Amino acid sequence: MSKQFLLDGQPVPFEEGQTILEAARAAGHYIPSLCWHKDFPPHGSCKLCVVKAAGRHVSACATPARDGSEVESNTPEMNGERRGLLQMLFVEGNHFCPSCEKSGNCELQALGYEYEMLTPRFRHFFPDRPVDASHPDVLLDFNRCIFCELCVRASRDVDGKSVFALTGRGIQKHLVVNAESGRLADTDFSKDDLAARICPVGVILHKRVGFAVPIGERKFDVATISAQTLKESP
Amino acid sequence: MSFELETATDRENLRRVAIDPVSRVEGHGKVTLLLDDAGHVKEARLHIVEFRGFEKFIQGRPYWEVPVMVQRLCGICPVSHHLAAAKALDPVVGALAITPTAEKIRRLMHYGQILQSHALHFFHLSSPDLLFGFESPVQQRNIVGIASAYPEVARQGVLLRKFGQEVIRVTAGKRVHGTGAIPGGVNKSVSPAERDALRHEADQIIRWSRDAVHLARRLHESNRSLYDEFGLFRSHLFSLVRADGAMDLYDGHLRLRDARGLIVRDGLRCEDYDHFLREEIKPWSYMKFPYVAELGPAKGWYKVGPLARVQNCDFIPSEQAEAEREAFIAHGEGEPVHAPLAYHWARMIEMLHAAEVIRDLLDDPDILSDDRLADGERGREGVGIIEAPRGTLIHHYRVGDDDLVSYCNLIVSTTHNNQAMNEAVRQVARRYLDGRQLTEGLLNHIEVAIRAFDPCLSCATHALGKMPLAVELLDAGGQLVDRATSGG
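The listed protein sequences correspond, in order, to chains A and B. The C-terminal position of the first sequence is numbered 233 in numbering that gives the first Met the number 0, with every residue numbered one higher than the one before it. The C-terminal position of the second sequence is numbered 487 in numbering that gives the first Met the number 0, with every residue numbered one higher than the one before it.
These are calculated hints, taken from the structure and not from any lab test. Given the structure is predicted, the values throughout are model-derived calculations rather than measurements. Incorrect hints may have been included.
[Stated by the list, open to error] Below, in silico cross-link-like pairs of lysine to any residue (SDA-like), each with a Cα-Cα straight-line distance of 20 Å or less:
1. A:206 x B:202
2. A:206 x B:374
3. A:206 x B:377
4. B:29 x B:426
5. A:206 x B:405
6. B:55 x A:126
7. A:206 x A:126
8. A:206 x A:185
9. B:55 x A:125
[Unchecked claim] Among the chain B residues that face chain A by a calculated CB cut under 10 Å, a handful are:
10. 3
11. 69
12. 178
Glycine is no exception: its CB is placed at the ideal position from the N, C-alpha and C atoms.
This is chain B alone, in the form it adopts within the complex (with noise of 0.2 Å):
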C-alpha cells in the first residue's frame, strides 16, 4: 500500500532532491523529495540506504556469542542490543527468572545507556536546532557553537553523558561494546568502590537531568504554535509497560494505545509479538514498515520511542520524572501530545527517571552480591523485547540442539518509527517546503523533523559536524541545475 505524498503519479516529469546523508542522526539515511516545476512537492520519501544483514550471519554462530556480537549493531545503544539478545537467550540456559543481583545490574547497564543515549542526542544532536534555530547559520549549527554560546548547557551535556557511560563501564567492563550480560545473568557485580564513585555523583546527575527537563519543557512553551505543528501527524503509540501499567524500559509486556490516546491492545505477551507485528517490504527503502497485524498496514503503524512511552504508561515509578510526565500530559490538555518536537521533551523526562533509576540501584545491596547467574532445564527458543532509547527493541532466537542458532529476528527501535518519519518528512515538505525556493535552511527543516526521532540508520557510525550534506537540484531530464554542500 502508499500513503500520501509516498508515491508521485507522473514521476517522469518531476524534479528530485535529495539530503544525501541527513546529518546528525546515527547511520546513514537520505531523503528525496519530488517537486513539479512550480516547486510543489509531490513525493517526499526517507530511505535508509545500509544493508546490515545480521540475522543471517547470526545463524550458524553458538548462541552465547550472540549477545556481544549483535551489539556491534551499534556504537551509541550497543547495551540494548545486548540486553535484549540476553534476554530472549536467558530461557535457552533454562533461565526462565533470573536472580535479583543479575536483573538489578542489568538494569543498572539499561538505564546508563537510557541517560548517556538521551543527553548525546539532546545536547551533542539535537540542541543546535533547537537553541539557535532552524535556519541559523549552518557553521554554529552543531555542539561546538552550542559550546561556545552555551558552554554550561554544554558542559552539563558532556557530564551526563559521561556519566551513563561510567555506569555502562562499571556494569559492563568498558564504556562501549562490553560483555555484562550472559545469558542466564551478568558476569560481574558492582563493587562497593565503583558503587560509590557513581553513587557520590548520583545526585547531581539527577539535578542536571531536571534542569534539561526543564530547558526541554521551556523550549516548547516558549514556541508553542511551532512546537505543537511542525511536523505533526497522529498515529497509534506502542511500548512495554509494567505489569501495573508503570514506564519500565527492561521489561513487561506490550500495549498499544490509539491516537485518541486510548488502549486498545494491553498486555501483550513478548514472545507473541509475531502474532501481532508484521512486516511490510517497501522495494525503495532497505527499512521494513512494520504495523500491528489486525490494523493493517494502513492504519496499524505507530510511533515508539520516548513521546510513545511518556504517553502509553500510566505513570513514572520515580518522584521527579512522574512530576513532568503529568506537566507533559497537561499540555495535552486530554489529548495525547504526537508534535514530534515533543520527543525532545519526553526524552528528557525520561533522562530524568534514568538517573532517579540509577541513584536507587545504587543504594540497593543486591547489586553488590555475587548472585549472578541462573539456569534450568534447556530450552530452544526465546524472545528479548526491551525499550531502547529510540523505542521497542525485538530480538528473538531459536537454537538447535548443537547450541548454534538456527533463526534469528530482529526489529529495532527506529524501524518501528520508519512510517512515522516517513509522515513526518512529508507534513514538514508540504507545509515549509512546498512552492518555495530551497535553501540549506529550509532543508533542515527536513533533517529537524527526522532527528526528533533520534534515529539510529544503520546503529554504528556518527560523525559530529563532518558528515556532508550535498543536496543536489536535478531538472526533469535528471541535468544538475544547482548543488549546494556543507558539512564534510
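Excised from the complex, chain A in its bound form (with noise of 0.2 Å):
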C-alpha cells in the first residue's frame, strides 16, 4: 500500500522523497510558490506555500511528506497568512501592474488575485532602483524583485555565468548585475539564457516585446494561476 498524508482532510499519495509541495500538486492539490522551481532545489524564501503540520508551520516546497501525517492549507488562515505575505511582498518594491508589461502574465500579480488581495495594506517602502537598460536585447527593472533568486539559480547553475545575485542584508537586500560595472552590458548574459526567462515578475524583460499580447489573451487572462501550475504539473 503507497504512503498517504492528508492534506486538508483529503488523502494524497507520495513517493519517498517528494516534499508535501510536490506530492499536493500531482495529486491535483494547489499550494502556491514564488521561488519553487521543478528543476532547482527548493529555496524556501517566498513562503507562500506555507503550511500547518503537525501543528508547526513549514515551507512545503521543502517539507518532505510524511505518512500519515495532517497537513492545513487551503484554510481561512493560512490563506490569510499567504495574502499578508504577498502584501508586504507588493509593499517591499514598486510594483505598479497598470503600466507594468508583466501585466496578466506576472504570477505574484496572479497571486494577489488568487488570494483576493485588495489593499496594500502595509505603508510602501517606494525603494529607489533605477532600471538597467544597457544591454541591446533585455531590460531589468529591479523595481518589481521578490528575491526569489531564480535567475541567480539559472545563471550559475544552468547557464554557467553567474550573471546576477543578492547582495545586502535584511531590508537592505537586493539583486544585482555580477560585474566590475554593475551593468547588465559587461556581463555574457544572453537573451537565451534560461535566467533571462525564468523572472516569474517584471524584472527580466525582453526589450521591445511591451504589450504585444492583448488583453485576454495573457496567460492569466484564460486561466488562475492555480488552474495554470495543475495543468502544468507533472
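With the hints as a guide, bring the two chains together.
Structure (C-alpha cells):
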C-alpha cells in the first residue's frame, strides 16, 4: 500500500523523497509558490507555500511528505497568511501593475488575485531602484524584484554564467549584476539564457516586446494561476 | 502679461469668494473671485490646483511602456493619451506609416472614445444645467434628476456611452485603460463576432446621436439671447484638419483661424509644433497658458475642442454630421460662433460624426486582418498629435539608444483652453455676478461656463454628484462672513 498524508482532510499519495508541495500538486491540490521551480532544489524564501503540519508552520516546498501526517493548507488561516506575505512583497518593491508589461503574465499579480488581495495593507517602501537598460536585448527593472533568486540559480547552475546575485542584508537586500560596472551589458548574459526567461515577475524583460499580447490572451487571462499550475504539474 | 480681471490692482481690501472644487468636471479646479465692498468683480481666476508630474516620471522608462502608462493621466479619455503616445512612438520603431489595419483599428478606438466621452459630458455632466436651468434646485440638477424628468434622454445618454465603451473594449481589450495600440501598430484585430455585435447597434446609435444634435440645437435656438451671449468672448480657433481640409480627429496637420474666421496658418506639420507654440507660466495656476509664438501671449491664445474643430474644418466627411455642421455654420450668419454654450451643439455634431465613422469602419474588412504591425529603421524622436474629445493633444518623446525615454513633453487639450476658460469665467462674473448678492445658483453660472469646455483638469477622477462645492465669503480681513455647501 502506497504512503499517503492528509491534506485538508483529503488523502494525498506520495513517493519517498517527494515534498508536500510536489505530492500535493501531483494529486491535483494547489499549493502556491513563487521561488520554487521543479528543476532546482527548494529555496524556501517566498514562504507562500507555508502549510501547517503537526501544528507547525513549514514550507511545503522544502518539507518531505510523511506517511500519515495531517497538513493544513487551503484554510482561511493559511490563505490569510499568504495574503499577508503577498502584501509585504507588493509594498517592498514598486509594483505598478497598471503600466507593467508583465501584467497578465505575472505570478505575483496572479497570486494577488488568487488570494483576493484588495489593498496593500502595509506602508509602501517606495525603494529607489533605477532600471538597467544597458543590454541590447534585455531590460532589468529592479523595482519588481521579489528576491526569489530564480535568475541567480538559473544563471549559475544552468547557464554557467553567474550573472546575478543578491547583495545587502535584511531591508537593504537587493538584486545586482555580477560585473565590475554593475551593468548587464558588461556580462556575457544572453537573451537565450534560461535566466532570461525564468523571472516570475517583471524584472527581466525582453526588450521591445512590451504589450504585444492583447488583454484576453495573456497567460492568466485564460486561467487562474492555480489552474495553470496544476495543468503544468507532472 | 496679465488680462483684464486677471489680477486686481489693489488686492488688499477685496473679499474673496472661492468655488472649490468646481463640480461636474473631470479633476479638481477652483475659481476665485475678488470683490470690492459694493460686490463688483475685480479679479476672476480659474486655478488648476493639481500637479501630476507625468512628464518627469516617464523619463527613464522604456518607450514601449509609455502608451499604457500615460493613459493613466485620465479615466475619461485615456484612449486619447494612449493613441497620441503610440503615434509619437511609431517613428521610434521605424513605422513611418502603419498598416491600414492598424490605422483603422486605432481610428475605431479613437472614435469610440469621442462618442463615449461626448455622451458622458452632454448627458451626465451638462444636461442638468441645460434642461433644468442654471439656477434650478440643486437637488435636481444631476443625472438622477434627468433620469426622473427625462427618462428617455437619460437612457439614450447611458446607452450611447456604453456603445462607445464597447468599441474601446473590442479594440483595446478593456473599456478603460486597455493596451490595444503599441508602437508600430496594434496588438489585436477585430473578430467577425465582435464586429457583428457592434454593427448590429450602429444604426441605432447614429439615430440617437442625431437626436442629441437636434436636442442641443433646439436648446440653443429656443433661447438665443442666453446661448449666444453667455460668457461670450472671441478668440482664435485651433485644431488638426485632414490634408483636404476635412475634419479628422485622428491625424492631419494643424490649422489656425482668427476670430473673424479667416485661416491665418495652415498646413503646419505636427513635428513642428514646438516652433509654433509657446507656453506661459503664471504663479497662481499649475496649468500653463499656451499661445501661438509669433502672435505673442496677448493675442496668440485660442480655443480648441468641438467648437473650434467644427468651424476650423472645411467639411465633415460623413453625410449626416456634415448636414448638421452646415446648419451650425448658418447659425453664425457669416461669422464664427464663439459662444461657449455652442460647444454643446458642436460636441453633439462630433458625436454624430463619430457614430457614422464607427459604422463605416465596422463595414471595412481591413479591421479583421492580422496585418497589424509595421517597423523600419529605428528613430529617436516622435511627436504624436490627436484631437482628443476636449481638443488638440500633443505628445512628444525622445528615446535614447538604450530604449529609455530621455525627454517627454505633453500639452493636453484642456491646457490649450486655459486662457479661454478664464476669459469665459471673467465674462460671466462681470455679467451675472457683478454687484449682486451671491447665491449657489449664481455661482453655478461660472461652473456652467467652465463645463461648456468639458475641461479635464486632472484627467483622473470624477465622482458624479458627490464632489462637494464649498463657497466661502471672506471679508477684507480674511474673516469668514458666510459659507454655503452643496453635494458631498
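Okay, the hints, checked on the actual structure:
For the suggested pair residue 206 of chain A and residue 202 of chain B, the alpha carbons sit about 43 Å apart, so the restraint of at most 20 Å is broken. Using a Cα cut-off of 20 Å, the hinted pair residue 206 of chain A and residue 374 of chain B holds, with the two alpha carbons roughly 15 Å apart. The hinted pair formed by residue 206 of chain A and residue 377 of chain B meets the criterion: a straight-line CA distance of about 14 Å does not exceed 20 Å. Under the criterion of a C-alpha separation no larger than 20 Å, the hint pairing residue 29 of chain B with residue 426 of chain B is consistent with the structure, at around 17 Å.
A hinted pair counts as satisfied when its Cα atoms are at most 20 Å apart, and residue 206 of chain A with residue 405 of chain B qualifies at roughly 17 Å. Distance restraint check for residue 55 of chain B and residue 126 of chain A: the Cα-Cα separation of roughly 18 Å lies within the 20 Å cut-off, and the hinted pair is therefore satisfied. Between residue 206 of chain A and residue 126 of chain A the CA atoms are separated by roughly 23 Å; this puts the pair beyond 20 Å, and the hint is violated. Taken as a hint, the residue 206 of chain A and residue 185 of chain A pair is honoured in the structure, with Cα atoms around 17 Å apart against an allowance of 20 Å.
A hinted pair counts as satisfied when its Cα atoms are at most 20 Å apart, and residue 55 of chain B with residue 125 of chain A qualifies at roughly 17 Å. Residue-level restraint check for residue 3 of chain B is violated (minimum Cβ-Cβ distance to chain A is 43 Å; threshold 10 Å). Annotation: residue 69 of chain B was flagged as interfacial toward chain A, and the flag holds, the nearest CB pair being 9 Å apart, inside 10 Å. This hint holds: residue 178 of chain B has a C-beta 4 Å from the nearest C-beta of chain A, less than the 10 Å allowed.
Violation of the numbered hints given earlier is confined to hints 1, 7, 10; the remaining hints are satisfied by the structure.
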